[in-house]
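Construct the entire structure; sequences and hints are all you get.
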Amino acid sequence: MHELSIMQSALSLALDQALEAGASRVHMIRLRIGALSGVVPDALEFAFEALAPGTPAEGAELAIEHVPARFWCATCAREFQSDDMFAECPDCHSLSGELRAGREMELASLEID
Amino acid sequence: MCKDCGCGLPGENPVGVSAHHHIGAHEHGDEHAHEHEHEHGPGHHHGHDHSQLHTHPHSHAHSHEEPDQEHAPAAGEETHRTIEVRRAILDKNDRLAERNRGFFRARGLLVLNFLSSPGSGKTTFIRESVRGLGPDFKTGVIVGDLATDNDAQRLRESGAPVVQITTGTVCHLEAEMVSRALKRLDLTGLNLLIIENVGNLVCPASYDLGEDLRVVLLSVAEGEDKPLKYPPMFQSANVVVISKMDLAQACDYNRETALANIRRVAPKARIFETSAKTGQGLDEWRSFLLQEQQARKALDPLSIY
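Chains as they are written, first to last, in our numbering: chain S, 1 to 113; chain R, 1 to 305.
Since the hints were made in silico from the structure, they are not lab data. Yeah, the Cβ is synthetic: ideal placement off N, Cα and C, and Gly gets one too. Treat each hint with caution, since some may be false.
Just a few of them, taken from the derived set where beta-carbon distance is under 10 Å, the chain S residues facing chain R [as the list claims (entries may be wrong)]:
{"#": "1", "residue": "17"}
{"#": "2", "residue": "20"}
{"#": "3", "residue": "35"}
{"#": "4", "residue": "42"}
{"#": "5", "residue": "62"}
{"#": "6", "residue": "67"}
{"#": "7", "residue": "78"}
{"#": "8", "residue": "79"}
{"#": "9", "residue": "81"}
{"#": "10", "residue": "95"}
{"#": "11", "residue": "99"}
{"#": "12", "residue": "100"}
{"#": "13", "residue": "105"}
{"#": "14", "residue": "109"}
{"#": "15", "residue": "110"}
{"#": "16", "residue": "111"}
Listed below in structure tokens is the structure:
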């Protein structure tokens, strides 16, 4: 259950950015969360509901974009998406050691006023 | 609810965002009387009326003797703006981890972050590894646990200086905890720092501590499919240590399946099959550490050792 501390970090970052932009309210927080980040979106939402009250993000919507794991297959010279998070190329079945996407835990954007 | 304007924000704002600068939406002059709630009549435009998009929990308890031009923009007008941020949520931890990394490099320290489920044998493996390291290495250990310093005491049997981090309820170590612990560890002459993370196969994967190598342990008693169940952790491993090989037979451990599963998730990780009890695989592991240490020493012009 480290989602609480991850969400706390995301919220602090969001509020800092909102403050810097001269905003008084945050209406939407958009996050990008990778399949291999080890973070569960449902738990983030739960944490957000617990943390947002009393801050300028109270009542804001939390939008979480899921980023699937993508690896580079050197044999086929192309990227492949892995829905099971395993590094095996679906075409040639070789194993890839090069993760291209999927570990993201990112504050993408904010809607503020 | 805010005592000044009733807007649902607390009077004291924890992050310092002023709750009372609603960007032209409803700036109040000092002469406003804040006495009663009222229905807004026709012709009264208010910046907080765009309720189709979101609902504000606040009401507006002020009288409006001032002309309406203060209350721009008009009802229904969208005042939201989008700002692109694109920053890592753990940006702060990542930056502190990079600071740690720079500090470690400058001191010529090879730093290992040990991760596994509770009970995989991290403490015993580290203790036995350190005992046999010989004169090439001077080792220090930082160990994290929710409570007790039992592991620190066991690790001290190896002869290495040990600092305990007691995390309380926190299920992982963060870069900042490590940098604080470093102040309690005499680093003079050390060239290997081992960090034993909190026993947990999920959360610590997200937190860079500034280590050179991430070492994930898997004991033969845990089941060959564990890497498939916890891909984020195993995918992040530079080294996978299979521990408690002396129990393989008793646990019906299937070596081929276990190795195939690790490679499926972490194809690049170096794998060591070990037993801290019998010493199996420990020489190979120690030779690997020596190679890593020498490779870093040769590459790093900042190193003072």
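Now the hints, each set against the structure:
Of the supplied interface hints, the one on residue 17(S) holds, with its beta-carbon coming within about 5 Å of a beta-carbon of chain R, less than 10 Å. With a least beta-carbon distance of about 9 Å to chain R, the hint placing residue 20(S) at the interface is held under the 10 Å criterion. The interface hint given for residue 35(S) holds, since its Cβ lies 8 Å from the closest Cβ of chain R, which is under the 10 Å cut-off. With a least beta-carbon distance of about 14 Å to chain R, the hint placing residue 42(S) at the interface is violated under the 10 Å criterion.
The interface hint given for residue 62(S) is broken, as the beta carbon of that residue sits about 12 Å from the closest beta carbon of chain R, more than 10 Å. Below 10 Å, beta-carbon pairs count as interface contacts, and residue 67(S) has none with chain R, the closest being about 13 Å; its hint is therefore violated. For the restraint placing residue 78(S) at the interface with chain R, the shortest Cβ-Cβ distance is roughly 17 Å, beyond the 10 Å limit, so the hint is violated. For residue 79(S), the shortest C-beta to C-beta distance to chain R is roughly 16 Å, which exceeds 10 Å, and the interface hint is violated.
For residue 81(S), the interface hint is violated, since its Cβ never comes within 10 Å of a Cβ in chain R; the closest pair sits about 14 Å apart. Hint on residue 95(S) holds. Least Cβ distance to chain R is approximately 4 Å, under the 10 Å limit. Annotation: interface hint on residue 99(S) holds; nearest CB of chain R at approximately 7 Å, less than 10 Å. A hinted interface residue such as residue 100(S) counts as satisfied when its beta carbon comes closer than 10 Å to some beta carbon of chain R; here the least separation is about 12 Å, so the hint is violated.
Hint status for residue 105(S) relative to chain R: holds, with the closest Cβ pair at about 5 Å, below 10 Å. Given the 10 Å rule on beta carbons, the hint for residue 109(S) holds: about 5 Å separates it from the nearest Cβ of chain R. For residue 110(S), the interface hint holds, since its Cβ comes within 10 Å of a Cβ in chain R; the closest pair sits about 5 Å apart. Satisfaction of the interface hint for residue 111(S) is found here, the shortest Cβ-Cβ separation to chain R being roughly 5 Å, below the 10 Å cut-off.
The structure fails hints 4, 5, 6, 7, 8, 9 and 12 (numbered hints given earlier, in ascending order).
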